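**Q** Residue-level listing of the chains:
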Amino acid sequence: MIDTASRRNGGIAVTCHVPLRGGEFGLALALTTVLLVGCSGTADGPGKAGERDASAGASADAGDTAAGPSPEESFVPDPARLPRTGAEARDLIDRVIAGPDSFGAKVVKRSPYESDPDTWPVLGEDCVWQQRKPARSVLATLTRSFEAPAEAGKGPVRLAAVVTVHRTREDATWEMAESIEETMRCPTQQLRKGETIGSMVAAALLGGESAQNSSEDFLSEVGKYQSSELGGPHHYSWQQAQTLQFTVAVTGKGAEGRTTKEIDRFVNEAQGVMLSRLENAVEKQS
Amino acid sequence: MDDLRPTDPARVGGHRLLGRLGAGGMGVVYLGRTDAGALAAVKVILPELAEDEDFRTRFRREAEAARRVDSPWAVRVTDADTESERPWLATEFVPGPTLSDVVARRGPLPVRSVAVLGRLLSRALAAVHGAGLVHRDVKPGNVLLTADGPRLIDFGIARAADATVLTATGLVVGTPGFLPPEQASGNTAGSAGDVFSLGCLLAYAATGRPPFGSGAVDALLYRTLHDEPDLDGIEEPWLRGLLQRCLAKEPAERPEAAALDGLITEDVPAGERADWLPEDIVRIIADRSAALLALPGIDATVAEEPGPPEPAPGRRRFLLLTAGGAVALGAGAFAALRIGADGTGGNADGAPGGRRWIIGVHADLTGPQSAAGRAQERGVRLAVDRFNALDDRPFRLAVKVLDDAGDPTRSAQVAEQFAGDPEVAAVIGPTSDVTAAAALSRYDEATLPVLTVSALQIAFPDRANASFFQAGPSYASLSIPIVNRLLLRPEVERLGILIDRAGGQAAYQAGYATNLMTPNLTTGTTHPRVVPAGTSVFDPVVADLLSHRSDAVFYAGDATGASRVARILADLSYTGPRMAQHTVMGPEFLKQAGAAADGWEFIAPFTDASAPAAATFAAAHSKRFGAAPAAWSAEAYDVAGLVARELAALADGAAKSTKPSAGPSGAPRPTRPQLTAAIAASRYEGVSRSYAFDEERQQLVGQDAHLYRVKDGRLDYLGPAPKPKS
Numbered sequence: 001m002i003d004t005a006s007r008r009n010g011g012i013a014v015t016c017h018v019p020l021r022g023g024e025f026g027l028a029l030a031l032t033t034v035l036l037v038g039c040s041g042t043a044d045g046p047g048k049a050g051e052r053d054a055s056a057g058a059s060a061d062a063g064d065t066a067a068g069p070s071p072e073e074s075f076v077p078d079p080a081r082l083p084r085t086g087a088e089a090r091d092l093i094d095r096v097i098a099g100p101d102s103f104g105a106k107v108v109k110r111s112p113y114e115s116d117p118d119t120w121p122v123l124g125e126d127c128v129w130q131q132r133k134p135a136r137s138v139l140a141t142l143t144r145s146f147e148a149p150a151e152a153g154k155g156p157v158r159l160a161a162v163v164t165v166h167r168t169r170e171d172a173t174w175e176m177a178e179s180i181e182e183t184m185r186c187p188t189q190q191l192r193k194g195e196t197i198g199s200m201v202a203a204a205l206l207g208g209e210s211a212q213n214s215s216e217d218f219l220s221e222v223g224k225y226q227s228s229e230l231g232g233p234h235h236y237s238w239q240q241a242q243t244l245q246f247t248v249a250v251t252g253k254g255a256e257g258r259t260t261k262e263i264d265r266f267v268n269e270a271q272g273v274m275l276s277r278l279e280n281a282v283e284k285q286s
Numbered sequence: 001m002d003d004l005r006p007t008d009p010a011r012v013g014g015h016r017l018l019g020r021l022g023a024g025g026m027g028v029v030y031l032g033r034t035d036a037g038a039l040a041a042v043k044v045i046l047p048e049l050a051e052d053e054d055f056r057t058r059f060r061r062e063a064e065a066a067r068r069v070d071s072p073w074a075v076r077v078t079d080a081d082t083e084s085e086r087p088w089l090a091t092e093f094v095p096g097p098t099l100s101d102v103v104a105r106r107g108p109l110p111v112r113s114v115a116v117l118g119r120l121l122s123r124a125l126a127a128v129h130g131a132g133l134v135h136r137d138v139k140p141g142n143v144l145l146t147a148d149g150p151r152l153i154d155f156g157i158a159r160a161a162d163a164t165v166l167t168a169t170g171l172v173v174g175t176p177g178f179l180p181p182e183q184a185s186g187n188t189a190g191s192a193g194d195v196f197s198l199g200c201l202l203a204y205a206a207t208g209r210p211p212f213g214s215g216a217v218d219a220l221l222y223r224t225l226h227d228e229p230d231l232d233g234i235e236e237p238w239l240r241g242l243l244q245r246c247l248a249k250e251p252a253e254r255p256e257a258a259a260l261d262g263l264i265t266e267d268v269p270a271g272e273r274a275d276w277l278p279e280d281i282v283r284i285i286a287d288r289s290a291a292l293l294a295l296p297g298i299d300a301t302v303a304e305e306p307g308p309p310e311p312a313p314g315r316r317r318f319l320l321l322t323a324g325g326a327v328a329l330g331a332g333a334f335a336a337l338r339i340g341a342d343g344t345g346g347n348a349d350g351a352p353g354g355r356r357w358i359i360g361v362h363a364d365l366t367g368p369q370s371a372a373g374r375a376q377e378r379g380v381r382l383a384v385d386r387f388n389a390l391d392d393r394p395f396r397l398a399v400k401v402l403d404d405a406g407d408p409t410r411s412a413q414v415a416e417q418f419a420g421d422p423e424v425a426a427v428i429g430p431t432s433d434v435t436a437a438a439a440l441s442r443y444d445e446a447t448l449p450v451l452t453v454s455a456l457q458i459a460f461p462d463r464a465n466a467s468f469f470q471a472g473p474s475y476a477s478l479s480i481p482i483v484n485r486l487l488l489r490p491e492v493e494r495l496g497i498l499i500d501r502a503g504g505q506a507a508y509q510a511g512y513a514t515n516l517m518t519p520n521l522t523t524g525t526t527h528p529r530v531v532p533a534g535t536s537v538f539d540p541v542v543a544d545l546l547s548h549r550s551d552a553v554f555y556a557g558d559a560t561g562a563s564r565v566a567r568i569l570a571d572l573s574y575t576g577p578r579m580a581q582h583t584v585m586g587p588e589f590l591k592q593a594g595a596a597a598d599g600w601e602f603i604a605p606f607t608d609a610s611a612p613a614a615a616t617f618a619a620a621h622s623k624r625f626g627a628a629p630a631a632w633s634a635e636a637y638d639v640a641g642l643v644a645r646e647l648a649a650l651a652d653g654a655a656k657s658t659k660p661s662a663g664p665s666g667a668p669r670p671t672r673p674q675l676t677a678a679i680a681a682s683r684y685e686g687v688s689r690s691y692a693f694d695e696e697r698q699q700l701v702g703q704d705a706h707l708y709r710v711k712d713g714r715l716d717y718l719g720p721a722p723k724p725k726s
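If you read the protein sequences in the order shown, they are chains A and B. Position 148 of the first sequence, counting from 1, maps to 148 under this note's numbering, and the rest follow consecutively. Position 677 of the second sequence, counting from 1, maps to 677 under this note's numbering, and the rest follow consecutively.
In short, the hints are calculated from the structure, not lab data. Accuracy of the hints is not assured; some may be wrong.
[Said to hold, decoys possible] What follows is a set of in silico ranges between Cβ atoms, one per label pair, in the way DEER data are often shown:
(1) B/P519 x A/Q130: 22 to 28 Å
(2) B/G215 x A/D118: 30 to 36 Å
(3) A/S111 x B/G215: 54 to 60 Å
[As the list claims (entries may be wrong)] Partial list, computed: chain B residues near chain A (C-beta under 10 Å):
(4) S100
(5) A104
(6) T207
(7) D433
(8) Q457
(9) I499
(10) P519
(11) L707
[As the list claims (entries may be wrong)] Covered stretches of chain A (in silico footprint by chain B; criterion: 3 or more residues with CB under 8 Å from a CB of chain B, positions within the stretch not fixed):
(12) 172 to 180
(13) 204 to 216
For clarity, every value in this text was computed on a predicted model and none was experimentally measured. Backbone N, C-alpha and C fix where the C-beta goes; we use that ideal spot for every residue, glycine too.
Please construct the entire structure, taking both the sequences and the accompanying hints into account.
**A** The following block contains the structure:
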């Protein structure tokens, strides 16, 4: 292998702290940012997600966020309430998955609203997303599509929520591993024809890391969204969390006139709602 | 016993010193011989403690009281000098094993032995209490066994400085598991507390288990306060009843030590007869005594000498590098803390060279990263020694060490304590990412400069006062030499990257950054794979890496996963470059991987004792500590040196700008914000690397790192990590 330093802008000093040149600057900066956003988004936890902005939340440390009982500490699942069949899994998904009222602002259903339950998205070797048959470990999965309608000076925000029930917790942890692989493997991805996301960086926090106490594992990814319909690049934000045999995820795609903070708030809010519903649905009732 | 070092005195008081029994928070314990020929354990107090008037007053009072303790079952104080520049205290030397050594080796004692032990130790305690002392650390490690009976050692002298643990709620004096509830809740225990501890000790002797269990300190203290003792296995009703009385939660309900004697009916052993202990224990005692006395410089005749005390193996509290060493270091921390807290006025004028500053060491001394924490403490101590040896130093430096045990809550408390001590100029630490994140805001509020060398997370939350310096290369910086080393060679086109989430945030960040940097620094590509924490079967993922033509492999995870991957690659006769994250380095990986570890490389943030640039440092370290420096010691030495230099420059500047009439002591003291600014602007050539900080985030600038490779089951230092071609 050869050193490309001399061929790229006359030398690269790529770290998070030294001045960077060209594209790498944005890349490394984004990594720093997403690590902090990741911390803050999760430290907020379900139900509080929308109340705090990302940059303020980033300065919170373990001590400061220990004000209330954390979900992790008080959450005890009831084995009898964990789904074992496809029907039980679909029933649970219906009770957990976000609806239009889960985003903390005016959001409507898009059409088609719900995905075909026999498919889920898979990122191919070519970094193009395709609808495929779910893996054998999946008991049930559902994706819903939403939109925050355009307002004066602001384009429509496309949002999606996904809940997947695996047969075992281990299967769910492998889905999380694959999600990380996807962002490492494909920093640029084609969502569908005319829609790409790029410059992707992802942070991953296991439960207990950086005050992440909303789930066993939490991924947070940001990047740039480009659409033939909505233009761009706009902010792209994605979160996925795993608890027990479940994964829940939300994506938000920016548009003209929408701030990064605005998009992150939609995503945080719906993710918090789903995680809290999930705990209610499976926790031991006293 | 260790040999004397060149810096050790040849004589102390009337004792010729023969060797070192141990060293710890209060000072060094030597084996000495009096001119009359008797052996003695001679404890020489650390100079920084000796300079503390409060400490000396207490030491004087307690040494005096200890000389009045008169019992054949308590080790006798034979001599002391509380007024010399280096105060010392000598006791009889007892060449026997401790009760904890014996129980650990052979299990519980028979009831009859427990009864004799209880009876004789209660007499020893009665003598201690009669002299107006409270022992406060009665435990199996402080009882020596000899053929004619037990000996209680180490009573009551300067206890607060010598046996403390930091818990979630504060400092506790004594040894958890043997502490009375009143002491466990942070209060001072009186003589009834010693009776409770004796009850714990006897239950331990009878069952082999401490009656409130073992494990995490806070849980242990909680059980001591709230749970009934575990006396399962003690069948004799009288012994059970007696222990229950000793272990009453309410101090007033416990019998007095003097009364305890009469409550136990077993006879005391007569004369030298060894029949109070079973035959096998007598043999352990004989072996141990013989081993202790078969030391150079000790004549065989001493075995017959009457009057004993203070054997090396029993004095674990003083041994720096044994398992118990952490306690000793923690104790040193507390001693230094006191100086910091009370010594502000008194020391300032008396100390040669003017006023004093403290450099804090915020470290994990007893938790998962204790090896790194302890190495850093030593590095700082060496840097401070070096500074204090300078002729023209404008002030004297002292070291104060606080242990956070790797726990974020305790880390925040440690930061609080350092922040509140006005003598502390700067802090070196914390040791880990997690403890650094937890302590940050406390340090920042106080604008107290804090320099970590081993918290390497890519980003920490923003701070208002920017007093936090990441003085080690972050995982992102380290990824650059990793990529250069693995890919800048003709035979490598593709790097297989495996993130094992068992390695937590460190593994994620290292693997992720390496993946990100590869296409930026080279024409190569990657094949990234991720496995969940808890993965034990790596064959499929390794096969996948190889089937995607990975010419080199980088593993980011833990030692267990790395060794599994190493074994699989070895079985497949894979010979390409293979590297694991530096967190994997260490005996666990070498042992688990065996021969498969050979050829694995590491890019590490720390240098090695064998590095040419570290030669002088390593020699000084060996001289002072009797061992080569461990990983992270040189880096802590570097940053402490940096802080000392900047502080001295500020003090000099302040002194020069002051009117001559103000005199040297009238110069204003540099403030913490001034020191923060000076550190931020500094450039420093250290043993491990050059130090300079990025203006915006106070992160280390540059990618200096170090390359290691496993050869024949050992880690070889290969030199500085390769830098990108310019």
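**Q** So, for every hint listed, does it hold in this structure?
**A** Here is what the structure says about each hint:
| no. | hint | result |
| --- | --- | --- |
| 1 | B/P519 x A/Q130: 22 to 28 Å | holds (24 Å) |
| 2 | B/G215 x A/D118: 30 to 36 Å | violated (51 Å) |
| 3 | A/S111 x B/G215: 54 to 60 Å | holds (59 Å) |
| 4 | S100 | violated (34 Å) |
| 5 | A104 | violated (34 Å) |
| 6 | T207 | violated (34 Å) |
| 7 | D433 | holds (9 Å) |
| 8 | Q457 | holds (8 Å) |
| 9 | I499 | holds (7 Å) |
| 10 | P519 | holds (8 Å) |
| 11 | L707 | violated (17 Å) |
| 12 | 172 to 180 | holds (count 6) |
| 13 | 204 to 216 | holds (count 5) |
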